[in-house]
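Each chain, letter by letter, is given below.
2 protein chains.
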Amino acid sequence: MKNFTYQAGTKIIFGKNQVNNLIDEVLCFSDRILITYGKGSVIKSGLLDKVKTALNEKGAFYKELSGILPNPRLSSVKEGIKICRENDLGFILALGGGSVIDASKAMAAGVLYEGDPWDFYLRKAAPDKALPLGCALTLAATGSEMNGSTVVSNDETQEKLATGNDCLRPKVSMLDPTYTFTVNKWQSAAGTVDIMSHIFEQYFTPDPGTDIQDGIAESILKTCIKYGPVVLQDPENYEARANLMWASSLALNGLTGTGKMMGDWATHMIEHEVSAIYDLTHGAGLAILFPYWMQFVLNDKTAFKFARLGKNVFGIEGSDDLEIAKATIDAIRSFFNSLDMPSSLSQVDISDEHFKVMGEKACKFGPIGYFKRLNHEMVTQILKMAK
Amino acid sequence: MKNFTYQAGTKIIFGKNQVNNLIDEVLCFSDRILITYGKGSVIKSGLLDKVKTALNEKGAFYKELSGILPNPRLSSVKEGIKICRENDLGFILALGGGSVIDASKAMAAGVLYEGDPWDFYLRKAAPDKALPLGCALTLAATGSEMNGSTVVSNDETQEKLATGNDCLRPKVSMLDPTYTFTVNKWQSAAGTVDIMSHIFEQYFTPDPGTDIQDGIAESILKTCIKYGPVVLQDPENYEARANLMWASSLALNGLTGTGKMMGDWATHMIEHEVSAIYDLTHGAGLAILFPYWMQFVLNDKTAFKFARLGKNVFGIEGSDDLEIAKATIDAIRSFFNSLDMPSSLSQVDISDEHFKVMGEKACKFGPIGYFKRLNHEMVTQILKMAK
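So the sequence lines, in the order shown, correspond to chains L and G. Per the working numbering, the first sequence starts with residue 1, numbered consecutively. Per the working numbering, the second sequence starts with residue 1, numbered consecutively.
One chain only, chain L, in its complex shape (with noise of 0.2 Å):
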């Protein structure tokens, strides 16, 4: 087990009826506060208004920046950063999924940067300083809301890049599985695949003796495939819902990641490439990518890390761990085929026409991967096999 520092401070308010508990501990930062969201669903189910009522009853200022998009743009950031300036806001409270939440980071450490915000992406800056921010999460999927993670794209270079720092980290939120009760079969079975590749990315690493986290990893993946299925059939389900959520924010808050070196990240990295150019939903790239990428990595060095996933989460038995490595790889193809989620590029209308230029693109500041390390033309062959 590697040193590590781990401090995941986020207050998580998690549950029902929540919003004024929420309020409560926004206003202990700033009573100045930019509300941010996306197309309008927490308009419809009534979120938003009962933010505002809170707002309100207590005094407090706010503005409203709305439309960010799902593989949210710069140009909403910048936006943000505007209106904040302009009012002298001191807190951002982001109500959405994690598109939402990503640009309410690249503002609040934007606010407080007098350069351009996509230098952070660019690693020319490092958002190290930035206004304190929230979130009430409506998608059990990306787990920036335990996090400092953001990923935001840049629409006039067609790049989608990651950064992040702890001070990106949200002091509150809020966690009611009701507000995602109306998300849609697709989102809710992408939101599922992203979840758990978020565990694979810190599962799948080289590093020994990391038996305690690789455990919690395994049963938030359990609690995944019980509950995906679930919701699709049953979307006001709220216990499936509830350990959805919950499952979200503890597959990338750092905990999982603990004691080892670094995650994987490589199919994260492929897939925002893919997801740059043809706005495709992260966790649908993440489904088809995902056992490409495992096909492509296992050789007798890996097969190890499969064989353990296969046998404590897909109790597939065996003695030869390439082999159960295999099934493990076509048990999870088969999890994401049951969700409804794609298995090939071309089923989303996806041609090899950029396939070259991703693979540079997600090798643009060296080879990518811990797990095995991966060169452009490597990436590219990957995303051939998924083709």
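Worth double-checking, as some hints may not be accurate.
Note that identical chains are pooled: a pair holds if it fits in a single copy or bridges any two copies.
Pairs of lysine to aspartate or glutamate, EDC-like flavour, derived with a Cα cap of 20 Å [said to hold, decoys possible]:
#1 Lys-2 to Glu-239
#2 Lys-50 to Asp-116
#3 Lys-16 to Asp-207
#4 Lys-384 to Glu-353
#5 Lys-82 to Glu-323
#6 Lys-222 to Glu-317
Everything labelled a hint here was simulated from the structure, so no lab data went into it. Keep in mind it's a predicted model, so treat the numbers as computed, not measured.
Fit chain G to the given chain L structure using the hints.
Chain G only, in chain L's frame:
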């Protein structure tokens, strides 16, 4: 899943050679520090010297309080409070295991309270203000390094009581597994039992739909079952010590209790009555009492949870929950025995002399337990079974 609030904000600094990083964090809070420790193992291991050297290098002022015993005494707490007040100290740094940390928490709150610190434990006052505190952990057991709970013994009244508050959560905890290499077999085994007991107290509740929490709980138990025996045979096995150390923190930082009304905690309260009189090692007391508590509360209604545990942790198969439950309790007792822990009170020279008064004292605030409510007669009965 019940509504919950969760914030485990302790900064964990895990691994080898981290003393300077610990001291850097401490000095963010205050440069006037009380160092607390026990009988001197931190002198032998060199930890105390390293801490003092780091403090001296940074020009910090410190005082020391040594001699804090297992089942820490109120008298030590009062001494610590006096030193803090006389020297205007602003941070308490505990070097040791749960006893030193728990006593230090009582000091931290006591410094800012005008009355007797025992009031906190008698529920006459809430320990809701405290000096910041931190620790360098030397024993994997109580989980005190990442939570706001404290257990102290009153030397005058032979009472051992618990209290807690979020403000008592250490700001920073250094977990260096190498400092547990010298922990002897008895204490190592008792520590493993203690960690498992914390999981049991939160696992055995009647709350439905807490699948993710229970899965994480099971993975922590499996870690204990795997590595507990290893450290008895091979005390300097870093991976085993590291997994147990991280298990101790995760078992009682609130994580596995989220979404539940509360934990059970009856067995801990019974054990506190035994060790208040007999000064028994806490984990050894739990190893004796837990299997009897399990036998006592097992019935048609509670069998499902024992059966889940048996299937998922001990791989016990079958179709009848009650049968699996019985086999599970046997497996737990066998595991504790394999660690050379006692399995009856007579084995540690405790007679039935005080059983009745122990039962009454355990229920002094009313019936105990949540999985099954126990009155004082039931507690006495469990003690008789454990004789």
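Hints, verified against the model:
| no. | hint | result |
| --- | --- | --- |
| 1 | Lys-2 to Glu-239 | between (35 Å within a copy, 10 Å between copies) |
| 2 | Lys-50 to Asp-116 | neither (34 Å within a copy, 45 Å between copies) |
| 3 | Lys-16 to Asp-207 | between (40 Å within a copy, 16 Å between copies) |
| 4 | Lys-384 to Glu-353 | within (10 Å within a copy, 77 Å between copies) |
| 5 | Lys-82 to Glu-323 | neither (56 Å within a copy, 66 Å between copies) |
| 6 | Lys-222 to Glu-317 | both (17 Å within a copy, 19 Å between copies) |
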